[in-house]
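Student: Fit chain B to the supplied structure of chain A, relying on the hints for placement.
There are 2 protein chains.
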Amino acid sequence: MHTTPSANTPQLPALLAALQSRFGTQFSAALAVREQHGRDESAFDIAPPDAVVFAQSTQDVADALALCQQHRVPLIPFGAGSSLEGHLLAVHGGISLDMSRMDAVLAIHPEDLTATVQPGVTRKQLNEALKSHGLFFPIDPGADASIGGMTATRASGTNAVRYGTMRENVLALEVVAANGEVLHTGTRAKKSSAGYDLTRLLVGSEGTLGVFTAITLKLYPLPEAVMAATCSFATLADAVNTTIQIIQLGVPIARCELLDAQTVGMVNTHSRLNLPLAPLLLMEFHGSPASVQEQVETVQAIAQDNHVLGFDWASTPEERTRLWTARHNAYFAGLQSRPGCKVITTDACVPISQLAQAILQSVDEANAAQQPYFLVGHVGDGNFHMGYLIDPAQPAERVRAEQLNTQLVRRALRLGGTCTGEHGVGLHKQDFLLEETGAAAVGMMRAIKQALDPYGILNPGKVFAGN
Amino acid sequence: MHTTPSANTPQLPALLAALQSRFGTQFSAALAVREQHGRDESAFDIAPPDAVVFAQSTQDVADALALCQQHRVPLIPFGAGSSLEGHLLAVHGGISLDMSRMDAVLAIHPEDLTATVQPGVTRKQLNEALKSHGLFFPIDPGADASIGGMTATRASGTNAVRYGTMRENVLALEVVAANGEVLHTGTRAKKSSAGYDLTRLLVGSEGTLGVFTAITLKLYPLPEAVMAATCSFATLADAVNTTIQIIQLGVPIARCELLDAQTVGMVNTHSRLNLPLAPLLLMEFHGSPASVQEQVETVQAIAQDNHVLGFDWASTPEERTRLWTARHNAYFAGLQSRPGCKVITTDACVPISQLAQAILQSVDEANAAQQPYFLVGHVGDGNFHMGYLIDPAQPAERVRAEQLNTQLVRRALRLGGTCTGEHGVGLHKQDFLLEETGAAAVGMMRAIKQALDPYGILNPGKVFAGN
Chain A
1 MHTTPSANTP
11 QLPALLAALQ
21 SRFGTQFSAA
31 LAVREQHGRD
41 ESAFDIAPPD
51 AVVFAQSTQD
61 VADALALCQQ
71 HRVPLIPFGA
81 GSSLEGHLLA
91 VHGGISLDMS
101 RMDAVLAIHP
111 EDLTATVQPG
121 VTRKQLNEAL
131 KSHGLFFPID
141 PGADASIGGM
151 TATRASGTNA
161 VRYGTMRENV
171 LALEVVAANG
181 EVLHTGTRAK
191 KSSAGYDLTR
201 LLVGSEGTLG
211 VFTAITLKLY
221 PLPEAVMAAT
231 CSFATLADAV
241 NTTIQIIQLG
251 VPIARCELLD
261 AQTVGMVNTH
271 SRLNLPLAPL
281 LLMEFHGSPA
291 SVQEQVETVQ
301 AIAQDNHVLG
311 FDWASTPEER
321 TRLWTARHNA
331 YFAGLQSRPG
341 CKVITTDACV
351 PISQLAQAIL
361 QSVDEANAAQ
371 QPYFLVGHVG
381 DGNFHMGYLI
391 DPAQPAERVR
401 AEQLNTQLVR
411 RALRLGGTCT
421 GEHGVGLHKQ
431 DFLLEETGAA
441 AVGMMRAIKQ
451 ALDPYGILNP
461 GKVFAGN
Chain B
1 MHTTPSANTP
11 QLPALLAALQ
21 SRFGTQFSAA
31 LAVREQHGRD
41 ESAFDIAPPD
51 AVVFAQSTQD
61 VADALALCQQ
71 HRVPLIPFGA
81 GSSLEGHLLA
91 VHGGISLDMS
101 RMDAVLAIHP
111 EDLTATVQPG
121 VTRKQLNEAL
131 KSHGLFFPID
141 PGADASIGGM
151 TATRASGTNA
161 VRYGTMRENV
171 LALEVVAANG
181 EVLHTGTRAK
191 KSSAGYDLTR
201 LLVGSEGTLG
211 VFTAITLKLY
221 PLPEAVMAAT
231 CSFATLADAV
241 NTTIQIIQLG
251 VPIARCELLD
261 AQTVGMVNTH
271 SRLNLPLAPL
281 LLMEFHGSPA
291 SVQEQVETVQ
301 AIAQDNHVLG
311 FDWASTPEER
321 TRLWTARHNA
331 YFAGLQSRPG
341 CKVITTDACV
351 PISQLAQAIL
361 QSVDEANAAQ
371 QPYFLVGHVG
381 DGNFHMGYLI
391 DPAQPAERVR
401 AEQLNTQLVR
411 RALRLGGTCT
421 GEHGVGLHKQ
431 DFLLEETGAA
441 AVGMMRAIKQ
451 ALDPYGILNP
461 GKVFAGN
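Here the protein sequences line up with chains A and B, keeping their order. With this note's numbering as the guide, the letters of the first sequence map in order to residues 1 to 467. With this note's numbering as the guide, the letters of the second sequence map in order to residues 1 to 467.
The shape of chain A in the complex, shown without the other chains (with noise of 0.2 angstroms):
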C-alpha cells in the first residue's frame, strides 16, 4: 500500500539534526539511551531507534510528530518498557517519543468517577493520587505500566473480570494524529452516540493510529468490604471448572487467578511464600459486607463440588498485598526459575465454557514436550499465559516454545477464542490476527491506517507487517 519509511532514509541525518535543534536536552543519540528505548519485556533482541526524545508537554509530540512526517521517518512511543509483544522495538529504526516525563495527574473528578492523566502516569501512581478520594483505577497489568502504554495496547489483568478492560474505562482521549495535528475524542460523559467511536478505535490501536497526550478513565469507590482468598485444588481441570461455574453462577468476584502447581513452586521461591504446591486459585471478593459474604459463601460451594483441598483468607490489607504482589511478579518468578532464560508469553482467551480444554491440552502438549513453563491465568476472562522459558543460546528452544504456542493459538481459535486478551499482536501475532480475523478483517484494519497514516511513519511493522 506504501513504502514503509526506513531509518536508511537518506533524509535521518537532517531529522536528527531538527530535532536536536527544536529539543535541546530533551534529545538523546547516546548509544545507551537508544538501547534502553529499542527493547522491552519480550524475547525478541534489541532494535535501537536512531535517536530518542522526551516529550514533555503536547506541543513536544505535535512537533516531533510533525518533523518525522515531513522527513518520512518513523516514529514510536515509548511510555513504561513493559511491552511483552516487542511494540517499542525500532525494526525500522526512526525516533523512539519518549512519554514518561508527560507524568502529571491533570483532573480528578471524583464527584463523576473520572480522571484524565498525562499518558506517563502509571497506574500505581495514579492510585497513589485516588487513595485519598476514596477512589481506584482497577486495571492492573502485572507491571508497573503506563497509562498510556496500557490504552495502547487494551491491557487489562486480574480485576478486569469485573471492571472489565482498557477498552471499557477510556471514556476519552486528547491524541497527535500522524500529520501533527491535535484532536479530541469522546467526553466525560457516561455514554456517547454521537459519530464514529474514534475512542475505541484508537484504544489497543499499538501506537500506529496517532500518540496520546491525555487519556479520561473511569474510576471505582474502594470498596466497602474486601476478601482475598486461596484455595488449593488436586487437580488443575478442579481449579478450572471451580471458575467456569462461578462466572457462569454470574458471581461478581473480582479477580479470579490461577497458578499451577509449579508455578505456585516458583511464586514461593521468588516472593518467600509458603503456599501449598498444588493447583492454586487466587481470588478477591469486593462490595457491601453483606454482598461479600454471599458471594464467598456461594464460591465455597462450588469449589467444594469441585474437591478443593482447602481454602486460606488473606484478610489484612497487607496479607492481600503481598499475595498480590507475588501473583504480579510470577512472569519474574518463571524467569528465575531457570536463570539466563527468556520468556515467550502466550495471551490467548477463550469463552469460558472451553477454558478447561483450551489450558489442559496446553499443557500436556508443554509436558509432552519437556517444555520448562510457568502458567498463570486471569481465569474469569477466560485469558491465560503460558510462559515458555527458553535459554536463548538454543535456537531449537526457541523453535519449540513457537510451535507450542502456534498450537496452542490454533486451539483457542478453534475454540471461538483470540490469539490475545490483553497483551496486543505487536511483532508477535501478526500471522495470527490474520488467522483469528480473517484477510478481509485485516484489509480493512489497513485500509484505515493507510487513511489515517499514509506516509506509514507511526510504529511501523507492528500489528501487521509492512504498514
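No lab work stands behind these hints: they were computed from the structure. Predicted model, so just to flag it, every value in this text is computed and none were measured. Fair warning: there could be bad hints in the mix.
[Stated by the list, open to error] Going by beta-carbon spacing under 10 angstroms, a handful of chain A positions derived as facing chain B:
| hint | residue |
| --- | --- |
| 1 | Leu113 |
| 2 | Gly164 |
| 3 | Leu183 |
| 4 | Gly186 |
| 5 | Ile247 |
| 6 | Val399 |
| 7 | Glu402 |
| 8 | Thr420 |
| 9 | His423 |
| 10 | Thr437 |
| 11 | Gln450 |
[Stated by the list, open to error] Straight-line distance between alpha carbons at most 20 angstroms, and here's what the computed EDC-like set of lysine to aspartate or glutamate pairs gives:
| hint | chain 1 | residue 1 | chain 2 | residue 2 |
| --- | --- | --- | --- | --- |
| 12 | B | Lys218 | A | Glu168 |
| 13 | A | Lys218 | B | Glu168 |
| 14 | A | Lys218 | A | Asp312 |
[What the hints assert, rightly or not] In silico contact screen, one side only, chain A against chain B (beta carbon under 8 angstroms); selected entries:
| hint | residue |
| --- | --- |
| 15 | Ala160 |
| 16 | Pro221 |
| 17 | Ser288 |
| 18 | Val292 |
| 19 | Ser353 |
| 20 | Ala356 |
| 21 | Gln357 |
| 22 | Thr418 |
| 23 | Leu433 |
| 24 | Glu436 |
| 25 | Ala440 |
| 26 | Ala441 |
| 27 | Met445 |
| 28 | Ile448 |
All C-beta atoms, glycine included, are put in the ideal place defined by N, C-alpha and C.
Tutor: For chain B alone, kept in the frame of chain A given last:
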C-alpha cells in the same frame, strides 16, 4: 472528498433492472413500500428510496451492495424503522435494504452467556428466545427496535446504567463492506487485544461503514431477585439530586428513570395509571435477595435526605411490566397529549455531577418559551430527553424547538457532555457533532469513511453532511 451519489444518476434504471432480476419478489418499487421505508419516528418529512430490497441472507446483502457500488447508487439499511434522527430517510435517493426478514436467532450459548442473531431480530423477540435459558439481553430502547438498528446507533435505554450500552454488549460482527466483501470482527471471547477494534468502530456507525448480517451479544442471567419502585418528589431538583447521589455512592441500580410532573400526567392518561402528579423516579434493583435489600435501604435513605414524598413498590412481575411499558410509551403519551403534533427529541448526556444544572436550566428555558414538551431521562447515566411537541403546520414552532435544543446541547457540551447519548447523529445533529468533537476529529471520521466506502454509497448524508 468524493461526490455523493444521487438518485439522479443515469445508472439508476440499470441498477433497478439488475436488482429486479437478482431479487425477484424480494424487490419492490411500489410507492407505498418506498414511502414506508423513507420515514422513521423523527419529525423529518418522508424521503422515499427509489426501491426496496428485502434481504434474506448474507449473500443477498453482499449482492445488493456489490450492485449498488457498481452503479454508484446509495444503499440504506432498514431495520424496524424506529430511528428518532432521520437515519432511514433516502435524502440522496437510492435503495432501502430491508433487514427485517433476517430475523433468526442463530445461536445461543448459555454456558458462555452469548448469543448470535441476525440483524432483523428485535429485542423483544430475542428476550422471548432467551427466557427458557434463564437469561436476558438488557438493552432496551423504548421501541421494539431491531438488534441491527440498535447496533448501528449504539443504542442503550433504561438498563444501561447497570449493564452498559451496545458499545459494551456487542462482542462480534459479521458485516458486509461497501464493496460487497463479507468480513468478521471480534470473537466470542470476553476480551481481546487483536488489532484495531473494528467491532467498536462499526457499532454506532449508523449504516455508513457496512451492513451487519450477524451480531454476537453478551447475555446476563435473569436476576435472582428484582424489585421496582416509583418514588415521587416535591421538586425536580430533589429527584435529580437523589439520582446523582445514588450513582456517586456506587449503588448498582439496574434502572433509574426520571419523569417530570407533566409527563407523569401524560403517561397516566395514555397508560391508565394513577401515579401522583409530581416529579417521579422509576427504579429497579437486581441481584440476590440480600443485595437487593441492601440497595433498597441505601436508596431509601438517600431519597429521604432529598424530601421524598413517598415510595410505591411494584412487587409482582405484572405490576413491573405495566410500569415499564408505561415508561417506554412516554414518547407516544407525549404525542397523544397534543393531537397532530410531531416531536423534536433532545438526547444530551452529561457527567452525573452536572445533571441537575443540565436538566433544570433546560426546563426553565422551555417554560419561558411556552414550548410544550415532555421530559424523560435515563438519569442514572446522565442522559435525558426533552421531547418538544410541535405543530408541523406552524414553522415557527419548529424553529423555536430547534433553538431550545441548540441551547440545551451547547449547555451539555459546556458541562463536559455529549449531544447524543443514544439516538445517534443521523440528519439532526451533524453541526453539534462538529461543535462537540472539533473539526480534526470529524476529519478523522471522514478519512475513515472515505477509506472504507470510497464511492460514498452507504447511507450518504448521515453523521456528517456530504459524506
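Student: Please go over all the hints and tell whether each is borne out by the structure.
Tutor: Hints, verified against the model:
no., hint, verdict
1, Leu113, "holds, 7 angstroms"
2, Gly164, "holds, 8 angstroms"
3, Leu183, "holds, 4 angstroms"
4, Gly186, "holds, 8 angstroms"
5, Ile247, "holds, 8 angstroms"
6, Val399, "violated, 24 angstroms"
7, Glu402, "violated, 18 angstroms"
8, Thr420, "holds, 5 angstroms"
9, His423, "holds, 6 angstroms"
10, Thr437, "holds, 6 angstroms"
11, Gln450, "holds, 7 angstroms"
12, B:Lys218 to A:Glu168, "holds, 14 angstroms"
13, A:Lys218 to B:Glu168, "holds, 14 angstroms"
14, A:Lys218 to A:Asp312, "violated, 32 angstroms"
15, Ala160, "holds, 6 angstroms"
16, Pro221, "holds, 4 angstroms"
17, Ser288, "holds, 6 angstroms"
18, Val292, "violated, 10 angstroms"
19, Ser353, "holds, 4 angstroms"
20, Ala356, "violated, 12 angstroms"
21, Gln357, "violated, 12 angstroms"
22, Thr418, "holds, 4 angstroms"
23, Leu433, "holds, 5 angstroms"
24, Glu436, "holds, 6 angstroms"
25, Ala440, "holds, 4 angstroms"
26, Ala441, "holds, 5 angstroms"
27, Met445, "holds, 5 angstroms"
28, Ile448, "holds, 6 angstroms"
Checked against the numbered hints above, the structure violates hints 6, 7, 14, 18, 20 and 21; every other hint is satisfied.
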